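Peer 1: Listed here are the chains, written in short residue letters.
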Amino acid sequence: EAQVTQNPRYLITVTGKKLTVTCSQNMNHEYMSWYRQDPGLGLRQIYYSMNVEVTDKGDVPEGYKVSRKEKRNFPLILESPSPNQTSLYFCASSPRQGFTYEQYFGPGTRLTVT
Amino acid sequence: RKEVEQDPGPFNVPEGATVAFNCTYSNSASQSFFWYRQDCRKEPKLLMSVYSSGNEDGRFTAQLNRASQYISLLIRDSKLSDSATYLCVVNKAHNTNAGKSTFGDGTTLTVKP
Chain F
1 EAQVTQNPRY LITVTGKKLT VTCSQNMNHE YMSWYRQDPG LGLRQIYYSM NVEVTDKGDV
61 PEGYKVSRKE KRNFPLILES PSPNQTSLYF CASSPRQGFT YEQYFGPGTR LTVT
Chain A
1 RKEVEQDPGP FNVPEGATVA FNCTYSNSAS QSFFWYRQDC RKEPKLLMSV YSSGNEDGRF
61 TAQLNRASQY ISLLIRDSKL SDSATYLCVV NKAHNTNAGK STFGDGTTLT VKP
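Chains as they are written, first to last, in our numbering: chain F, 1 to 114; chain A, 1 to 113.
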């Protein structure tokens, strides 16, 4: 089944404890992206990757890191999480046809930082 | 002003009604446009791409007006199952920003029996 998977789905952690949220897609998509969704603020792009070893900042990259060493994986790293990073996180991928990015989303990771 | 703005809603309509949502964008160089549907904090799912010539998929019609910088979504013969939040998405075209996606905050639709 073609899909985007994220792990973990739910995570409660404490301030300052490094964590990684994994994202993997099995559709051979070039493009991958991370978003966070907060009430009243909609979905905001954190980082995106046009291809392996190519990553760029979205609108809210502060406090996050990403890497794209393989086409299928795009982990999101929080080196020192803070309570303002409590959010619902979505990973997405796209086959990227020209300038068109029809994105397919993972199920989301609900992160709480205390 | 936000880059992508949507009708705030909520829209409450009876079954069978026709409802339309608009979404305006501020960057005239925006290249591609989409409507997504999101149910109750689940993942967004692609509903339709929006083409310059307009496109239709069953009860759903999407239009793009580049001159006025807005896209629209029309839902005819609303069903209870159409109740969801509808998100418009705009992607940039410039090489330095290609890949940046901006989502609207969403419009909530509730279809009542």
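It should be emphasised that the hints constitute simulated quantities derived from the structure, not laboratory data.
Incorrect hints may have been included.
[Stated by the list, open to error] Calculated lysine-lysine pairs in the DSSO-like style (CA-CA distance at most 30 angstroms, straight line):
#1 A:Lys-112 to F:Lys-69
#2 A:Lys-112 to F:Lys-57
#3 F:Lys-18 to F:Lys-71
#4 A:Lys-2 to F:Lys-65
#5 F:Lys-18 to A:Lys-42
#6 F:Lys-57 to A:Lys-92
#7 A:Lys-112 to F:Lys-71
[Claimed, not checked] Simulated DEER-style distance windows between Cβ atoms:
#8 A:Pro-14 to F:Glu-70: 41 to 51 angstroms
#9 F:Asn-73 to A:Asn-55: 26 to 36 angstroms
#10 A:Asp-57 to F:Pro-107: 16 to 26 angstroms
#11 F:Pro-8 to A:Thr-18: 20 to 30 angstroms
#12 F:Thr-15 to A:Arg-66: 45 to 55 angstroms
#13 F:Thr-22 to A:Ser-68: 37 to 47 angstroms
#14 F:Gly-16 to A:Ser-68: 27 to 37 angstroms
#15 A:Ser-26 to F:Asn-84: 18 to 28 angstroms
#16 F:Leu-41 to A:Gln-69: 14 to 24 angstroms
#17 A:Glu-56 to F:Ile-77: 39 to 49 angstroms
#18 F:Lys-71 to A:Ala-17: 22 to 32 angstroms
#19 A:Glu-15 to F:Thr-15: 25 to 35 angstroms
#20 F:Ile-77 to A:Gln-31: 25 to 35 angstroms
#21 A:Asn-27 to F:Pro-107: 45 to 55 angstroms
What you are looking at is a predicted structure, and each value in this text was computed from that prediction instead of being measured.
From the three backbone atoms N, C-alpha and C, an ideal C-beta is built for every residue, glycine too.
Peer 1: Next, verify each hint and record whether it holds.
Peer 2: A quick look at each hint next to the structure:
1. A:Lys-112 to F:Lys-69: violated, 48 angstroms
2. A:Lys-112 to F:Lys-57: violated, 41 angstroms
3. F:Lys-18 to F:Lys-71: Distance ~24 angstroms between F:Lys-18 and F:Lys-71 Cα, so the pair holds.
4. A:Lys-2 to F:Lys-65: With a Cα-Cα distance of about 25 angstroms, the restraint between A:Lys-2 and F:Lys-65 holds, given a limit of 30 angstroms.
5. F:Lys-18 to A:Lys-42: holds, 26 angstroms
6. F:Lys-57 to A:Lys-92: Holds, at roughly 14 angstroms.
7. A:Lys-112 to F:Lys-71: violated, 44 angstroms
8. A:Pro-14 to F:Glu-70: 41 to 51 angstroms: holds, 50 angstroms
9. F:Asn-73 to A:Asn-55: 26 to 36 angstroms: holds, 33 angstroms
10. A:Asp-57 to F:Pro-107: 16 to 26 angstroms: 24 angstroms Cβ-Cβ, so the 16 to 26 angstroms window holds.
11. F:Pro-8 to A:Thr-18: 20 to 30 angstroms: violated, 42 angstroms
12. F:Thr-15 to A:Arg-66: 45 to 55 angstroms: Taking Cβ atoms as reference, F:Thr-15 and A:Arg-66 lie about 46 angstroms apart, which means the hint holds.
13. F:Thr-22 to A:Ser-68: 37 to 47 angstroms: holds, 42 angstroms
14. F:Gly-16 to A:Ser-68: 27 to 37 angstroms: violated, 48 angstroms
15. A:Ser-26 to F:Asn-84: 18 to 28 angstroms: Because 26 angstroms falls inside the window, the suggested range holds.
16. F:Leu-41 to A:Gln-69: 14 to 24 angstroms: holds, 22 angstroms
17. A:Glu-56 to F:Ile-77: 39 to 49 angstroms: For A:Glu-56 and F:Ile-77 the Cβ distance comes to about 43 angstroms; the hint holds.
18. F:Lys-71 to A:Ala-17: 22 to 32 angstroms: Violated, since F:Lys-71 and A:Ala-17 (Cβ atoms, about 45 angstroms apart) do not stay within the stated range.
19. A:Glu-15 to F:Thr-15: 25 to 35 angstroms: Violated, at about 48 angstroms.
20. F:Ile-77 to A:Gln-31: 25 to 35 angstroms: holds, 30 angstroms
21. A:Asn-27 to F:Pro-107: 45 to 55 angstroms: Once the Cβ atoms are compared, 30 angstroms apart, the range 45 to 55 angstroms for F:Pro-107 and A:Asn-27 is violated.
Of the numbered hints stated above, those contradicted by the structure are hints 1, 2, 7, 11, 14, 18, 19 and 21, listed in ascending order.
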